[in-house]
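Sequences listed follow chains F and C, in order. The number in this note's numbering is simply the position in the first sequence, starting from 1, with 1130 added. The number in this note's numbering is simply the position in the second sequence, starting from 1, with 475 added.
No lab work stands behind these hints: they were computed from the structure. The reader is advised that the hints may include incorrect statements.
[Unchecked claim] Result set (DSBU-like, lysine-lysine): computed pairs, CA atoms no more than 35 Å apart in a straight line: (1) K543/C / K516/C; (2) K543/C / K1187/F; (3) K478/C / K531/C; (4) K1183/F / K492/C; (5) K1183/F / K1200/F; (6) K478/C / K516/C; (7) K1183/F / K1141/F; (8) K516/C / K1183/F; (9) K1200/F / K543/C; (10) K478/C / K1183/F; (11) K1141/F / K531/C; (12) K516/C / K531/C; (13) K492/C / K478/C; (14) K1200/F / K492/C; (15) K543/C / K531/C; (16) K531/C / K492/C; (17) K478/C / K543/C; (18) K516/C / K492/C; (19) K1200/F / K1141/F; (20) K1200/F / K1187/F; (21) K516/C / K1141/F; (22) K1141/F / K492/C; (23) K492/C / K543/C; (24) K492/C / K1187/F; (25) K1141/F / K1187/F.
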Amino acid sequence: DAGITQSPRHKVTETGTPVTLRCHQTENHRYMYWYRQDPGHGLRLIHYSYGVKDTDKGEVSDGYSVSRSKTEDFLLTLESATSSQTSVYFCAISEFGTDNTEAFFGQGTRLTVV
Amino acid sequence: ELKVEQNPLFLSMQEGKNYTIYCNYSTTSDRLYWYRQDPGKSLESLFVLLSNGAVKQEGRLMASLDTKARLSTLHITAAVHDLSATYFCAVNTGTASKLTFGTGTRLQVTL
């Protein structure tokens, strides 16, 4: 299994509170991603990073920010959580440029905003 | 904007039967992925298809890619209960290996 650890695994938070999810990798992969999974939508890209301090928006980035100060850590922050952000969040990593370019996924974080 | 459509969304099949899941995408891409997800679990990579005409097989699953038709198929041969899961296809948009996913096909194999 790819060395990806997400924390926390489960979180319940109140509307309007800030929340930070962490993704830690031990593979030294350049690319890291945050996706959210919702019924009927598959997985949708929130933000991604192509290197330390290099990040960009994905398809559903509104209400989210990210930071990557080290190769191994990619943080996803909900500045003011809303009920629409209740979801399962997956971190993924990949080493773009190789033949396979697979993305490997973490175990997910189930976030409930009440 | 890239769209990825899977069908069917839900598939109930008997053990021993064959079936195919379809994945259509709307714009040019040269990489397509199939993932499996068990309930409450992460996504497990099944196949990476890198070129037109690519075919890969693992056990009872076989995936193929037709880039001209923008179509990938996941064929299940002689289904067994252990194949029950949700299957996703995902298309690489080409920049930074970002993936656009289909909505998934929930496969239920019954005895």
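Keeping to a limit of 35 Å between CA atoms, is the pair of K478/C and K543/C held or broken? Given that 35 Å is the threshold and the Cα spacing comes to 16 Å, the pair holds.
Does the structure keep K478/C and K516/C at a Cα separation of 35 Å or less? holds (25 Å)
Take the C-alpha atoms of K1141/F and K531/C, compute the straight-line distance between them, and say whether it is at most 35 Å. violated (39 Å)
Just to be careful, I want the Cα atoms of K543/C and K1187/F compared with a cutoff of 35 Å; is the pair within it? Holds: K543/C and K1187/F sit about 29 Å apart, inside 35 Å.
Between the alpha carbons of K492/C and K478/C, is the straight-line distance 35 Å or under? The given pair, whose Cα atoms are some 30 Å apart, holds under the 35 Å limit.
35 Å Cα cutoff - pair K478/C, K531/C: The given pair, whose Cα atoms are some 23 Å apart, holds under the 35 Å limit.
Does the structure keep K1200/F and K543/C at a Cα separation of 35 Å or less? Violated, at roughly 40 Å.
Does K492/C lie within 35 Å of K1141/F when you go C-alpha to C-alpha? violated (41 Å)
For a C-alpha distance cap of 35 Å, please report whether K516/C and K492/C respect it. holds (26 Å)
Going straight from one Cα to the other, do K516/C and K1183/F come out at no more than 35 Å? holds (30 Å)
Can the restraint linking K1183/F and K1200/F be considered satisfied, given a maximum Cα separation of 35 Å? holds (8 Å)
Given the proposed pairing of K1183/F with K1141/F, does the C-alpha separation stay at or below 35 Å? Status holds; Cα separation ~26 Å.
Going through the hint list in order, the structure does not satisfy hints 4, 9, 11, 14, 22, 24.
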